[in-house]
Amino acid sequence: MVKDYRSKAKIFADILESITQQVHARPTKIMVDANLSYDRLNKYLELLIEKGLVAKSTNSETLYTITEKGTAFLDEYKRFEKFAAAFGLRL
Amino acid sequence: MGINAVLSIIRLDILFETISLVISFAIALAAFAGSRKTGSRSLTLLSIGFFLMAGAMLLRVVLTSWALTVPLSRHMPWRIFPLIILQTQELVYSVARVGAYAVFLHLYSSYSLSRSQQSTALVAITTSLIYNPFFEAVSAVLLAIVVYQLFKAKGPGESSFVIYGFILLLVSHLLFLALPVWLTFYFVAQFLQLVALTLFLTAVLSVFFDGKRL
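For the protein sequence lines, the chains are A and B, in the order given.
Residue numbering for the first sequence is 1 to 91, as defined by the numbering used here.
Residue numbering for the second sequence is 1001 to 1214, as defined by the numbering used here.
Take the hints with a grain of salt, since some may be wrong.
[Stated by the list, open to error] Calculated from the model, a selection of chain A residues having no Cβ within reach of chain B, i.e. all distances over 10 Å:
#1 Met31
#2 Tyr44
#3 Leu47
#4 Thr58
#5 Glu81
#6 Leu91
[Stated by the list, open to error] Restricting the straight-line Cα-Cα distance to at most 27 Å, the calculated cross-link-like pairs of lysine-lysine (DSS-like) are:
#7 A:Lys56 to A:Lys8
#8 A:Lys43 to A:Lys78
#9 A:Lys56 to A:Lys10
#10 A:Lys29 to A:Lys78
#11 A:Lys51 to A:Lys8
#12 A:Lys29 to A:Lys69
#13 B:Lys1152 to A:Lys69
#14 A:Lys69 to A:Lys56
#15 A:Lys82 to A:Lys10
#16 B:Lys1037 to A:Lys10
#17 B:Lys1037 to A:Lys43
#18 A:Lys8 to A:Lys69
#19 A:Lys10 to A:Lys43
#20 B:Lys1037 to A:Lys8
#21 A:Lys51 to A:Lys69
#22 A:Lys56 to B:Lys1152
#23 A:Lys43 to A:Lys29
#24 B:Lys1037 to A:Lys82
#25 A:Lys82 to A:Lys51
#26 A:Lys51 to A:Lys29
#27 A:Lys69 to A:Lys82
#28 B:Lys1037 to A:Lys78
#29 A:Lys51 to B:Lys1037
#30 A:Lys8 to A:Lys78
These are computed hints drawn from the structure, not numbers from a lab.
A quick note: this is a predicted structure, and the numbers were derived from the prediction, not measured.
Just so you know, even glycine gets a beta-carbon here, dropped at the ideal spot from N, CA and C.
Turn these sequences into a full structure, and let the hints steer you where they fit.
Structure (structure tokens):
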């Protein structure tokens, strides 16, 4: 059996989903939702900011929000997840 | 059945194959786009499977259409050329289709939503040790023709033992083909073969005793 591993896109989607649910997301909550360590989460958040999918705001505390591009990516990811599920497959 | 009827069936077959080709290609493209966007291996494998099927169908549509339109040569080596092309095409088509199904088997053994994915691969490997699906399929086709010929020649009223014997043999090979679905089919199929042979023996014995039934 192939080991259950998450693709980079799946991790992106998990992070974006968590941010979408919180609107202004705290890193600790994203860590729990996306099941990532602090270091890995930071690495992925940097990538997401670089790609313009997530925006970072640092006022009194560090918060993350999803951008329009991020929402579009998440929608598309979910669509392909449904497509795979229609064939009885995991993405 | 005349040559025109056969040609009509082949043309209809090409039409169906073309529609199937378009559908397969569309699914392959959608899965490929998904695999590029999400990096998903399951969608990559799905696209490979459907691309293989679409490729096989394209080859069949193009070569069969060509064979139907090419004028027959009067000289012998060239006269059978379309036939050789068609036979080669059929072989490549079958290999490509089997290849696509092997990809699907790997796909559903590894990335299925269902938790029974391990058993899918296990059943496929185990059953391949005790039977060969290709020969079972060929046997089923040949037996279907035999049964049809027997019905045409004598009807179900006469030679009942032999007809039912061949029908049971046919069913047994179909069950062997369905082995990956349920392993118990193996024993049912073996039992049906035993019953079929018993029916043949009964037919032979009935000849010896009163000269009827065969």
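Would you list, in rising numerical order, the hints stated earlier that this structure does not obey?
Result: hints 5, 6, 13 and 22 break, sorted rising.
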